[in-house]
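**Q** Using this note's numbering, the letters of the sequence shown map in sequence onto residues 17 to 900.
Take the hints with a grain of salt, since some may be wrong.
Pairs of lysine-lysine residues, derived as DSBU-like cross-links and limited to a Cα-Cα distance of at most 30 Å, are as follows [claimed, not checked]: (1) LYS760 <-> LYS824; (2) LYS760 <-> LYS863; (3) LYS824 <-> LYS863.
Quick list of the computed label-pair ranges, beta carbon to beta carbon [said to hold, decoys possible]: (4) ALA446 <-> ARG486: 38 to 46 Å; (5) HIS448 <-> ASN534: 39 to 47 Å; (6) ALA200 <-> VAL176: 25 to 33 Å.
For the record, the hints were derived by calculation from the structure and aren't laboratory data. Don't be surprised by glycine CBs; every beta carbon is placed ideally from N, CA and C.
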Amino acid sequence: DFRERMAAFLRRQESGSASPGAVPVLDPTRALALYRRMLAEDGDYAHLDAVRFNSGMILAEAGEPEARRFFADLVATSPGSPYCQEAWLRMGDMAFDEKRFAEAAPLYAHAAEGGEPTLSAIASYKLGWAHFNQDHFEPAADAFRAVLDLYEQRRADVHVDIETEAEAYFVHALAGAGGAPAFARYFDRVGKRPYERRVLLALGQQFRRYGDPVHAAGTDQLVLDRYPASPEALLAAQRQVATFQRAEHSDQARRAQAELAPRFLPDGAWARAQSSDSLRRAGEQFAHDSYLAIARSHHDRAAAGRDAAEWARARSAYETLLRQWPDDAGAAALRLDAGNASAQSGDAPAALRYFAHVAKHAPDTLAAAALAQAVATTDAWYERTRGARPAGSDSLALAVIESGDALRNRFPAHALAADVTWRQAQLAVAHHWDDRAARDLPAFASRWPADARAPLAALQHGEALFRLGRFEAAGAAFETARTVAVTQKRDSLARRAERALPVCAYRAADAAVAADSNAYSDHARRFEQVAARWPGYEDAALAQYRAALSWQKAGKPREAVRAYGVLLARQPRGEFAREARLQTARSWEAIGDSAEAGAAYLAFSAAESDPDNAAAAWLRAADLYSSAGRVARADSLRLEYVRRHPADVEGAMGIYEALARRDLAAVGPGRPVSALLAAPARGKSAAPARSHLSEYLRRAKAQPALGSRELVAHVRFLLAEEAREACAAVALTQPLARSVAARKTLLDSTLARYRRCADLAVPVWAHASAYRIGETLQEFASALEHSQAPPDLAGDDLLAYRDVLAEKARPFANRGQDVWAELLRQNPAAAPADEWVARAREQLGQKLATRFYFQPEVEFPLLDAQSPNPSRAQRAAATEGASR
Numbered sequence: 017d018f019r020e021r022m023a024a025f026l027r028r029q030e031s032g033s034a035s036p037g038a039v040p041v042l043d044p045t046r047a048l049a050l051y052r053r054m055l056a057e058d059g060d061y062a063h064l065d066a067v068r069f070n071s072g073m074i075l076a077e078a079g080e081p082e083a084r085r086f087f088a089d090l091v092a093t094s095p096g097s098p099y100c101q102e103a104w105l106r107m108g109d110m111a112f113d114e115k116r117f118a119e120a121a122p123l124y125a126h127a128a129e130g131g132e133p134t135l136s137a138i139a140s141y142k143l144g145w146a147h148f149n150q151d152h153f154e155p156a157a158d159a160f161r162a163v164l165d166l167y168e169q170r171r172a173d174v175h176v177d178i179e180t181e182a183e184a185y186f187v188h189a190l191a192g193a194g195g196a197p198a199f200a201r202y203f204d205r206v207g208k209r210p211y212e213r214r215v216l217l218a219l220g221q222q223f224r225r226y227g228d229p230v231h232a233a234g235t236d237q238l239v240l241d242r243y244p245a246s247p248e249a250l251l252a253a254q255r256q257v258a259t260f261q262r263a264e265h266s267d268q269a270r271r272a273q274a275e276l277a278p279r280f281l282p283d284g285a286w287a288r289a290q291s292s293d294s295l296r297r298a299g300e301q302f303a304h305d306s307y308l309a310i311a312r313s314h315h316d317r318a319a320a321g322r323d324a325a326e327w328a329r330a331r332s333a334y335e336t337l338l339r340q341w342p343d344d345a346g347a348a349a350l351r352l353d354a355g356n357a358s359a360q361s362g363d364a365p366a367a368l369r370y371f372a373h374v375a376k377h378a379p380d381t382l383a384a385a386a387l388a389q390a391v392a393t394t395d396a397w398y399e400r401t402r403g404a405r406p407a408g409s410d411s412l413a414l415a416v417i418e419s420g421d422a423l424r425n426r427f428p429a430h431a432l433a434a435d436v437t438w439r440q441a442q443l444a445v446a447h448h449w450d451d452r453a454a455r456d457l458p459a460f461a462s463r464w465p466a467d468a469r470a471p472l473a474a475l476q477h478g479e480a481l482f483r484l485g486r487f488e489a490a491g492a493a494f495e496t497a498r499t500v501a502v503t504q505k506r507d508s509l510a511r512r513a514e515r516a517l518p519v520c521a522y523r524a525a526d527a528a529v530a531a532d533s534n535a536y537s538d539h540a541r542r543f544e545q546v547a548a549r550w551p552g553y554e555d556a557a558l559a560q561y562r563a564a565l566s567w568q569k570a571g572k573p574r575e576a577v578r579a580y581g582v583l584l585a586r587q588p589r590g591e592f593a594r595e596a597r598l599q600t601a602r603s604w605e606a607i608g609d610s611a612e613a614g615a616a617y618l619a620f621s622a623a624e625s626d627p628d629n630a631a632a633a634w635l636r637a638a639d640l641y642s643s644a645g646r647v648a649r650a651d652s653l654r655l656e657y658v659r660r661h662p663a664d665v666e667g668a669m670g671i672y673e674a675l676a677r678r679d680l681a682a683v684g685p686g687r688p689v690s691a692l693l694a695a696p697a698r699g700k701s702a703a704p705a706r707s708h709l710s711e712y713l714r715r716a717k718a719q720p721a722l723g724s725r726e727l728v729a730h731v732r733f734l735l736a737e738e739a740r741e742a743c744a745a746v747a748l749t750q751p752l753a754r755s756v757a758a759r760k761t762l763l764d765s766t767l768a769r770y771r772r773c774a775d776l777a778v779p780v781w782a783h784a785s786a787y788r789i790g791e792t793l794q795e796f797a798s799a800l801e802h803s804q805a806p807p808d809l810a811g812d813d814l815l816a817y818r819d820v821l822a823e824k825a826r827p828f829a830n831r832g833q834d835v836w837a838e839l840l841r842q843n844p845a846a847a848p849a850d851e852w853v854a855r856a857r858e859q860l861g862q863k864l865a866t867r868f869y870f871q872p873e874v875e876f877p878l879l880d881a882q883s884p885n886p887s888r889a890q891r892a893a894a895t896e897g898a899s900r
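Starting from the given sequences, assemble the full structure and let the hints guide the process.
**A** In structure tokens form, the structure reads like this:
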């Protein structure tokens, strides 16, 4: 009967009802015993190769070395069996796993020769690794290349994705064998392959990745030599140049560019060989960039060494680029550089022609540089004509001024605007063009007052106006000169300017208000000038205050803050001080600087005599610090407010509620809510202070009408969560009665905490608590059902024991389901956004579905089951263990 049943089973395997090599549906240990019995009987079985293979597979999966004997017997006794290829592969794996690579290699080679393509691919791949681990790089390359060839020949039959990895390690093997020379020898030996260019490019990248520029560049050169007309040749050229550049071999990079650039010119052989327009454009771009780099090299050397010959070579290189690519997007920049090179080599007219072209046709960035270079080139030309004389050619002087106007008019904020304006003014002074000097000098002094040349400009402005007879304007100019002269200690100018009277200045400012009541910025400046220049003037404080008010009306709160600050610094207890502090705080609020506004309100509160105003300002400061992100400062202010105003119970509750919610938001792993509620230790100087959350709950208990039910419910829920985690951490081990009792105590405590949270009737936390109650009961039932069994139980006794535990656990599981059902009953129309109700609905549906798992739908086993027929003593022991 046994022989017939085993033969039937093996026939089922061969006929397709079980795949070859599959482990039988029998228990592996029992199946192995049956296989051993078949082999021991030495009967005339038709499928002993399958028996040996399955025996080896069972032992191999268990990590048993004996598996090798079954596989070896199989390949020796049945070399034509379809199981042999995988048997060779399994024996190779066992040797490989034990790092016996030399032994693994021939085993993998046998497997690679088999007829199943997927197994052949895997075997070749592992054969490559066996050689690679022994530093046998060329045999490793042969193995990895065999995988790639197999994909090329039978891709649809290979059902494993190792092609990319095989190619990557093919590259590693070639790199270990010597790089580019090894590649050339190898493919000269094995012949062309569809993937050889890709492998060669990857080989270069491999050397670049490991910081070997010499081998990387050699690999790129091999691409250029073997495939000169291929698209990959451009990539190799680009990589070769980039490799030298990254390795800081600048001379080699330039030589490579000079040698490679002609290959990729638009009319070259490489370009004609390409079918892709975009690829041809890329090659042309490489040639262009290479020639440009050569030109830049001459330019940089010329600039570093001030070598006229290098400037000439740079100019020639730029002109070559402009001839080859006249309409290139970078042609404007090249013309600018060509102009610079022409100017440095002494050809000013040619340089100015280049600059004029760039200024007219190029974008603003280049046009600004061209106009600036035109000014410098024309001025240098003028200086060469002046020699030792005070003034040079009038026409060139006018040309310098006109080129400066062109720059300033088009780019008024240019970085050289100050220098150009100064040079224009000095040329006007030297050539006695006073109208022009009177226009340029004040523009310079007012726009760049911190410039070291500003005092002289102010003085020259006054002199020019005096020569023109514009005495009132000259007085204003000398007033400016007086201020600058005091800074520069020009005593004679300062004494002349001292005759200006502060009273006149104040009345002039007042008259300006009457003339135009909306010119607030002008009024502010006028009043502030009076207060700043004559701080001892009797109305200086009033002038400063009016200046600050004018800045506010002008919509410039920063200037107003500054002006109020000046006033408070000069007269901190003056008649305008209180209003200045208040207006400073309001101005900072208008600016949007909450931190500064908070500081200003604190200053106002400290100086304010009215207690209500001072308290309101204090709380406003705290709110502003909070808006500015300075939360710690805001908290300290609010807590100090609570300390100073104990009668404001409602305000204190509001302050502590915000702090408590922040504490609650920080609860997480490593910081449980119970730690926040722990009372500080007594009698220890380093004891932690009570948390804000704890203090809030204490006050809420004393004033329940002012407390937040939602916050309290949230705290109770988190405490219940901690209890649930502690309950779940108790494993049900033997002796079971003791561990069940310990966990049952924690279970009752957890459920009580969740009910206490639900009692507050806050919907979200009530729903969450109901869900957790059901989940905790389900977890307890599952833990009981899967608890540790007594070590002496086995077989049917153990099954009986498990049945008893399942029966004991079922009431807890049913209670959990009842809680979920009640939650759904009370909330039948809960929106999907109610996470807890949705989770209860999902979990309850899954639990109910499991009640139908007992339906028999699987195929009955072919072998007849035999009743274990346990003894009466065994049944009694199982029952007693289950009850425990």
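**Q** State for each hint whether it applies.
**A** Hints and how they fare:
1. LYS760 <-> LYS824: holds, 13 Å
2. LYS760 <-> LYS863: holds, 22 Å
3. LYS824 <-> LYS863: holds, 17 Å
4. ALA446 <-> ARG486: 38 to 46 Å: violated, 21 Å
5. HIS448 <-> ASN534: 39 to 47 Å: holds, 42 Å
6. ALA200 <-> VAL176: 25 to 33 Å: Since ALA200 and VAL176 have Cβ atoms about 31 Å apart, the given range 25 to 33 Å holds.
Violated hint for the displayed structure: number 4, the only one.
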